[in-house]
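**Student:** Sequence order for the protein chains is A and B.
Position 44 of the first sequence, counted from 1, bears residue number 43 in numbering that gives the first Met the number 0, the numbering being contiguous throughout.
Position 293 of the second sequence, counted from 1, bears residue number 292 in numbering that gives the first Met the number 0, the numbering being contiguous throughout.
No lab work stands behind these hints, which were simulated from the structure alone.
Values in this document were obtained by computation on a predicted structure and should not be read as measured data.
Heads up, some of the hints might be wrong.
Same chains, same names: a pair is fine if it fits in one copy or spans any two.
To be verified - Computed cross-link-like contacts, BS3-like style, restricted to lysine-lysine with a CA-CA straight-line distance of at most 27 angstroms:
id	residue 1	residue 2
1	145	336
2	59	145
3	59	226
4	34	143
5	181	112
6	143	59
This is what each chain is made of:
2 protein chains.
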Amino acid sequence: MSAKTNTRIVLAARPDGAPRPGDFRVETAPVPALKEGEVLLETVYLSLDPYMRGRMRDLKSYAPSLALGDVIVGGTVSRVVASRHALWHEGDLVSAYAGWQRYAVSDGQGLRKLDPAAAPPSTALGVLGMPGLTAYSGLREIGKPKAGETVVVAAASGAVGSAVGQIARIHGARAVGIVGGKEKAEFVKNELGFDVVLDHRAPDFAQQLARACPDGIDVYFENVGGKVWDAVFPLLNDFARVPVCGLIAHYNDANDPDQGVDRLPITMREILSRRLTVRGFIVFDFGLEEEFLKAATAWVADGRLRYREDVVEGLENAPQAFIGLLEGKNFGKLVVKVGEL
Amino acid sequence: MSAKTNTRIVLAARPDGAPRPGDFRVETAPVPALKEGEVLLETVYLSLDPYMRGRMRDLKSYAPSLALGDVIVGGTVSRVVASRHALWHEGDLVSAYAGWQRYAVSDGQGLRKLDPAAAPPSTALGVLGMPGLTAYSGLREIGKPKAGETVVVAAASGAVGSAVGQIARIHGARAVGIVGGKEKAEFVKNELGFDVVLDHRAPDFAQQLARACPDGIDVYFENVGGKVWDAVFPLLNDFARVPVCGLIAHYNDANDPDQGVDRLPITMREILSRRLTVRGFIVFDFGLEEEFLKAATAWVADGRLRYREDVVEGLENAPQAFIGLLEGKNFGKLVVKVGEL
């Protein structure tokens with residue numbers, strides 16, 4: 000074990016706007032010896048998710064910022080390769096939060112055992128992991144879609160968006176998905192079964208959205224912000240619900256305030272006059288993991304909840320893949336294959 | 000009955016910014032003869048409330064706009080002076096929505112009989128009326144104050160704000176009230192028993208608010224907007240709730256967009272990272288009137304829910320009193336005494 004060498008990717012510089020390759024640094028370091036109660040994890044899959052951009056900022060948020068030199072955080076599917084912990088055994092496959100590195104030492108907290116016979120292990124990072132739980136929780140606790148209502152979600156081919164639309168349809172609602180590009184649109188319409196799919200790159204996107212929502216919008220699952228919000232906002236019905244789980248369009252914004260028209264007063268006025276609910280949340284807020292896993296595993300098994308993965312090979316390619324994620328270049332849940340299953 | 004002459008105040012022009020006396024017109028007209036199923040109401044008290052400013056705009060909102068020439072809407076305490084309705088009798092005292100006029104014909108819909116022995120009839124327009132129900136509903140359904148939490152409300156000597164703080168304290172929360180002027184501050188502290196009262200006119204108001212909320216703000220009952228929101232926003236705790244029931248600071252805004260820094264993106268980012276709930280509502284949304292009347296009548300009787308009224312004599316003074324209301328000149332729930340009890 001002490002013969003092993005870890006490879007890890009650390010934050011070399013805080014990105015100014017869009018991250019660049021130089022903001023990341025690949026390091027090697029010896030893997031420390033295990034103490035009693037610890038396990039050594041080897042990463043099989045690393046999850047890349049937009050929230051990681053927030054951790055690279057030096058700003059107070061729901062989780063502490065990364066310090067310069069820190070290994071970048073991230074969910075993983077990992078294998079226990081050595082154990083001095085009573086509950087975990089060599090060979091166990093687990094979901095963990097080991098970050099952007101090949102090896103990690105864990106005290107066992109937060110590990111969940113995976114059964115490869117029940118679902119492909121990589122789904123623990125996507126449709127049956129945090130993104131799926133995010134979709135499920137935001138709809139269950141805030142969006143509350145009812146049969147016949149219209150639910151709109153952007154990044155609809157992505158890990159969260161694809162689950163939002165499909166779960167909305169399981170509840171009998173209409174799902175309107177927004178994507179970038181024709182290939183993604185076809186996938187969301189034909190494979191995921193959304194009722195309508197629109198391309199936000201279309202010059203008349205806002206008009207298309209209005210036509211796609213003739214009865215207005217009852218739930219807008221906010222994961223992007225930017226111009227999608229601008230197009231959605233006028234269409235929100237009285238009593239519409241807006242779970243806010245991400246604002247990817249703004250993650251690369253510099254810290255300078257936006258000049259121009261201050262839209263806050265009119266937004267508040269409309270929140271009042273249309274009795275809107277705008278509520279931020281993150282995946283851990285509601286404690287629904289068990290209920291979600293039970294429901295979603297069944298939906299995946301019977302084909303009502305489909306997913307697509309975009310697998311990048313090799314830990315060293317994580318920075319470039321992450322940069323692409325923020326530009327919408329991935330197609331499906333983005334994971335990095337770090338080691339063999 | 001046909002000998003009676005009605006006096007009514009109609010919308011003469013849509014206000015551009017703050018309303019001026021010329022935006023209102025006093026008219027006289029004959030009182031029409033009653034048809035079967037109708038009652039004739041004579042106004043005793045007319046309620047003046049900030050929401051009326053919204054009705055004077057030509058914009059879609061939760062209620063239709065007034066047309067030019069319409070009698071201005073408003074809640075009233077009225078006496079039945081003639082009846083061709085089986086359920087209502089001459090002499091009954093009722094709460095109604097008869098508007099800015101001396102006489103109104105009603106089909107009986109929406110009338111509620113008042114018992115002058117249970118509470119002074121004018122309270123049906125304030126602490127036991129729509130303003131009280133607004134405070135009660137917004138706290139019950141959105142604010143959900145818990146013991147030990149900090150609840151902040153502006154216009155704290157007004158009809159809604161005074162009830163918000165007192166009901167918050169009944170739930171064991173700390174009440175921080177914001178008012179304009181020393182006299183109102185003393186009333187809210189000494190008579191209503193708020194824990195802290197601040198004057199928004201103080202040059203260091205934002206710093207005072209921060210000092211008054213050392214553990215942050217858990218509930219901000221939004222009824223004013225403007226600079227109070229600016230001072231409150233940085234202090235909102237994770238999971239804070241913001242019932243939005245009014246934005247009086249903006250009611251006189253012209254329809255021009257606000258130039259300057261666009262605060263919407265940063266606001267949405269903070270809604271996400273602090274998991275805030277921002278939710279608009281109006282008094283009718285939750286159907287809690289019966290539950291409220293039962294609870295609040297008891298609280299008024301045992302002195303836990305106090306109120307102050309600002310009574311203006313004479314219907315013809317309603318426009319000037321309403322103009323003053325939007326400038327914060329009233330002190331307590333503003334009612335116009337139109338006729339004798």
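**Student:** Could you run down the list of hints and mark each one as holding or not?
**Tutor:** Hint by hint, here is what the structure shows:
Taking the shortest Cα distances, residue 145 and residue 336 never come within 27 angstroms of each other, neither inside one copy (38 angstroms) nor across copies (47 angstroms). With identical chains, the CA atoms of residue 59 and residue 145 are at most 27 angstroms apart between copies only, with a shortest distance of 25 angstroms across copies and 35 angstroms within one. In this homomeric assembly, residue 59 and residue 226 come within 27 angstroms of each other (Cα to Cα) both inside a single copy, at 25 angstroms, and across copies, at 23 angstroms. In the homo-oligomer, the alpha carbons of residue 34 and residue 143 never lie at most 27 angstroms apart, since the shortest distance is 47 angstroms inside one protomer and 46 angstroms across protomers.
Taking the shortest Cα distances, residue 181 and residue 112 never come within 27 angstroms of each other, neither inside one copy (38 angstroms) nor across copies (63 angstroms). Only between protomers do residue 143 and residue 59 lie at most 27 angstroms apart by alpha-carbon distance; the minimum there is 25 angstroms, versus 29 angstroms within a single protomer.
Hint check: violations occur at hints 1, 4 and 5; the rest are consistent with the structure.
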